[in-house]
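As given, the protein sequences belong to chains D and Y, one line each in that order. If you read the first sequence in the working numbering, its first letter stands for residue 1, the second for the next number, and so on. If you read the second sequence in the working numbering, its first letter stands for residue 1, the second for the next number, and so on.
Careful, some of the hints might be misleading.
As the list claims (entries may be wrong) - Quick list of simulated restraints, FRET-style, between CB atoms: (1) D/Asp50 - Y/Ala25: 22 to 28 Å; (2) Y/Gly24 - D/Ala21: 28 to 34 Å; (3) Y/Gly33 - D/Val14: 15 to 21 Å; (4) Y/Ile78 - D/Gly24: 20 to 26 Å.
Stated by the list, open to error - Once the Cα atoms are required to be at most 25 Å apart in a straight line, the calculated DSS-like pairs of lysine-lysine come out as: (5) Y/Lys20 - D/Lys3; (6) D/Lys46 - Y/Lys20; (7) Y/Lys3 - Y/Lys46; (8) D/Lys11 - Y/Lys41; (9) D/Lys46 - D/Lys3; (10) D/Lys65 - D/Lys46.
Claimed, not checked - Here are a few chain D residues that face chain Y, going by a calculated C-beta distance under 7 Å: (11) Val37; (12) Glu48; (13) Gly49; (14) Arg52; (15) Asn69; (16) Val71.
Bear in mind the hints are in silico, worked out from the structure with no lab data behind them. Just so it is clear, CB atoms sit at the ideal spot from N, CA and C, and this is done for glycine as well.
Number of protein chains: 2
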Amino acid sequence: MIKARIVVTLKNGVLDPQGKAIEGALGHLGFDGVGQVRQGKVFDVKLEGDDRAAAERQLAEMCDKLLANTVIEDYDIILD
Amino acid sequence: MIKARIVVTLKNGVLDPQGKAIEGALGHLGFDGVGQVRQGKVFDVKLEGDDRAAAERQLAEMCDKLLANTVIEDYDIILD
């Protein structure tokens, strides 16, 4: 069993309305000094087998096909 | 300026319908050997100032008040 964490974040320069909304909400809650907030997704995936190279290739393909919109998002694959 | 990443994930035992849907979709796309998928959120936050201890306390408070539903979610704060 291979455990992996995939972190999907917006590419630099892509507007993040959700992040902007959170910045505003934090300000209303009295948090000062908040420069910027950007929100992304994280996927914790368990894969059968123990071939790490094959797992990395499969995870990248999962990102390209489903988990990330590679036009506006980047992804990082971290194997346990 | 302090940069931090906050990772919010569902607590163990909490049902993750989104993760289940992704497992199913990956199966339909022909990915086999997918054991489990759990989805969470990630926030990249920039804070003014450079007092790391104060930043950590502020970030934890942000999680408790807004970024995480601490009844069903855990959060990790990683300072750069």
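Hints, one by one, checked against the model:
Hint check: aspartate 50 of chain D to alanine 25 of chain Y, Cβ distance near 24 Å, so the stated range 22 to 28 Å holds. For the pair glycine 24 of chain Y and alanine 21 of chain D, the supplied restraint of 28 to 34 Å holds, since their beta-carbon distance comes to about 30 Å. Between glycine 33 of chain Y and valine 14 of chain D the CB atoms are about 32 Å apart, so this pair departs from the stated range of 15 to 21 Å. Roughly 24 Å separates the CB atoms of isoleucine 78 of chain Y and glycine 24 of chain D, a value that falls within the hinted 20 to 26 Å.
Distance hint between lysine 20 of chain Y and lysine 3 of chain D is fulfilled; the C-alpha atoms sit about 16 Å from each other, no more than 25 Å. Between lysine 46 of chain D and lysine 20 of chain Y, the direct Cα distance comes to roughly 12 Å. Compliance with the 25 Å bound is thereby established for this hinted pair. Distance restraint check for lysine 3 of chain Y and lysine 46 of chain Y: the Cα-Cα separation of roughly 5 Å lies within the 25 Å cut-off, and the hinted pair is therefore satisfied. A C-alpha spacing of about 16 Å is found between lysine 11 of chain D and lysine 41 of chain Y, which places the hinted pair at or below 25 Å, so the restraint holds.
A hinted pair counts as satisfied when its Cα atoms are at most 25 Å apart, and lysine 46 of chain D with lysine 3 of chain D qualifies at roughly 5 Å. This hinted pair checks out: lysine 65 of chain D and lysine 46 of chain D have alpha carbons roughly 18 Å apart, not beyond 25 Å. Because the closest C-beta pair between valine 37 of chain D and chain Y is about 5 Å apart, less than 7 Å, the hint holds. Taken as an interface hint, glutamate 48 of chain D checks out: its beta carbon lies about 4 Å from the nearest beta carbon of chain Y, inside 7 Å.
Interface hint status for glycine 49 of chain D: upheld, as the beta-carbon distance to the closest one in chain Y is roughly 6 Å, under 7 Å. The interface hint given for arginine 52 of chain D is broken, as the beta carbon of that residue sits about 13 Å from the closest beta carbon of chain Y, more than 7 Å. The interface hint given for asparagine 69 of chain D is violated, since its Cβ lies 14 Å from the closest Cβ of chain Y, which is over the 7 Å cut-off. A cut of 7 Å between beta carbons decides the hint on valine 71 of chain D: the least distance to chain Y is about 19 Å, and the hint is violated.
Comparing the model with each numbered hint stated earlier shows that hints 3, 14, 15 and 16 do not hold.
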